[in-house]
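Using the sequences provided together with the hints, build the complete structure.
These are the residues of each chain, in order.
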Amino acid sequence: MIAIYYLTWDWKNMKLRINGTEYDIAEEPPRPLLWVLRDELGLTGTKFGCGAGFCGSCTVHIDGEAVRSCVTPLTTVAGEIRTIEGLSLMAEDGTIQLHPVQQAFLEDQVPQCSWCMSGQMMTAAAFLAKNPAPTGDRNRRSDERKLLPLWLLLPREKCSC
Amino acid sequence: MTTQQPPQSNVKKWRISRRGFLIGLGATAAVVAVGVPIGLPRARLAIANLVAEGGSFGSIDAPPTSWFEISADNRIRFFNPKVEMGQGVNTSLAQIAAEELEVDWEQIEVVSASTARGINDSMGTGNSTSVSSTFTPIRQAAATLRELLRSEAAKLLGVPAASLTVASGVFTANNDPSKSITYGQIVAQADVANWEIPEEAPALKPASEFRFVGKSTPRVDFESKLTGKALYGYDMRLPNMLYGAVARPNTIEGKLASAAPAKRPTAPAWSPWWPKTILRAWRPNPGCKRTRVWAIWIWHGKTAVSGSSPKLMKSLRWATAPAWWPKKMATSAICWMATCSPLNSARRWPPTPTWNRTPPWWMCRPTR
Chain Z
1 MIAIYYLTWD WKNMKLRING TEYDIAEEPP RPLLWVLRDE LGLTGTKFGC GAGFCGSCTV
61 HIDGEAVRSC VTPLTTVAGE IRTIEGLSLM AEDGTIQLHP VQQAFLEDQV PQCSWCMSGQ
121 MMTAAAFLAK NPAPTGDRNR RSDERKLLPL WLLLPREKCS C
Chain W
1001 MTTQQPPQSN VKKWRISRRG FLIGLGATAA VVAVGVPIGL PRARLAIANL VAEGGSFGSI
1061 DAPPTSWFEI SADNRIRFFN PKVEMGQGVN TSLAQIAAEE LEVDWEQIEV VSASTARGIN
1121 DSMGTGNSTS VSSTFTPIRQ AAATLRELLR SEAAKLLGVP AASLTVASGV FTANNDPSKS
1181 ITYGQIVAQA DVANWEIPEE APALKPASEF RFVGKSTPRV DFESKLTGKA LYGYDMRLPN
1241 MLYGAVARPN TIEGKLASAA PAKRPTAPAW SPWWPKTILR AWRPNPGCKR TRVWAIWIWH
1301 GKTAVSGSSP KLMKSLRWAT APAWWPKKMA TSAICWMATC SPLNSARRWP PTPTWNRTPP
1361 WWMCRPTR
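Those protein sequences? They're chains Z and W, same order as listed. Per the numbering used here, residue 1 is the first one in the first sequence, and the count goes up by one each step. Per the numbering used here, residue 1001 is the first one in the second sequence, and the count goes up by one each step.
To be clear, the hints were calculated from the coordinates, so they are not data collected in a lab. This structure is a prediction, so every number in the text was calculated from the model and none was measured. Each residue gets a CB set at the ideal place from its N, CA and C atoms; glycine is no exception. None of the hints are false.
Between beta-carbon pairs, the in silico distance windows are:
1) W:Pro1239 x Z:Asp24: 17 to 27 Å
2) Z:Asp93 x W:Ser1224: 15 to 25 Å
3) W:Lys1205 x Z:Lys130: 46 to 56 Å
Covered by chain W, per the in silico footprint, the following chain Z stretches (three or more residues, Cβ under 8 Å):
4) 44-53
5) 87-99
6) 107-118
Derived pair list, reagent style DSBU-like, types lysine-lysine, alpha-carbon separation capped at 30 Å:
7) Z:Lys130 x Z:Lys15
8) Z:Lys15 x W:Lys1229
9) W:Lys1155 x W:Lys1205
10) W:Lys1179 x W:Lys1205
11) Z:Lys130 x W:Lys1229
12) W:Lys1229 x W:Lys1215
As structure tokens, then:
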């Protein structure tokens, strides 16, 4: 089987659908999704933070799921990607319609430097899509606590400014 | 590689006034600017004053450290010499500028002044001095620009300058409200090259009339940050850009023994393992040059293995080699993994069928 796999192995281009636009991306060399977004496609709204999946600055949606793009190998991506550039909608008259999370961040004037803010908003948007009426009860995570290693229970987003 | 550049100034020619302000003229007209040198050494200011005696447009080829540009759509673009790093200097300096310019908050846009010609602001950004050091110069420059526009508006409307009131970037005649003209209209119509620059700095607004200074104001750059459009220094992608990285020793008190660029690996033109790639030249992905960083650092020093406490060892576990790996090789090999682009190592080691299908194992996290 392995031999057959080698025989058919080749460098390919893969299609990525990002914010409704389809891009043709070389599969090779293996690299994280974040590098493709920032360096090849110029979607620099998604930020590089720790590079290890800790801080959440690089969070994007893949089929609505919040994913840390700095630790997501490009070739494992299957599904529609949404980045911060695609979180707001462009109305027909050209005005930008902010996502409710963005609107809330705007009204509260949330951040300082805003470097990790796009990741925070993407995480919040994905969470709210699944939990439209969150209760804020932290005890509900007790089941998670039993299953997940300790480092996952650290605050999910880290702002260091 | 996608190249992204910050907004550029439209002003091509500068002329210096006796008061030390620089008046800018756009290459295609419809742009006028007033700038001020902030934090320039005294000697340069003295030279600037000499030039002012017979200055004409084009006699100064460098932009000032900070300036405003008014465009025909009645918007002000403020070129900020201070570095915005979350402290809100874009907003606070824009508040100061909007105060004397008599414009609405929505009309102001702040961009970083270019450093293409060197350091803009010899005072730097720090020590909480941005507002205190630029408060008066920015107000003076803004008031000068406003008065320049006022005298031109008076000419265009055919009324005395003193009879004009200004609000939201629009001059209106006191005795005839139907006579009004916006900053943008003035800039589009006026003969900017022959504008009369006020010899005296205009009087500044008293603090009791402040509308923005000292008031809570929404961040001027927030909307672009909300939508991911704001460009940080780390987002800049310029042609032929060089990249640097910090190489850290994987040993305690390690010292750099040597550092050399490694030969860029090339794939064989053909390979018995991959018939589809026979006679196929190495085809690097043109968009991915940045990831092709190859270098080898070799460190000499105490190894992390000996003389370390179990607790420390635990924290360094991620950087230690597998037990079967010869210790001498471990130093350079692991360091290479940690400091170079490990994802390129697919070419260094025998590829496995699932190599690029599974999360790479070297994306490990430090244990805490």
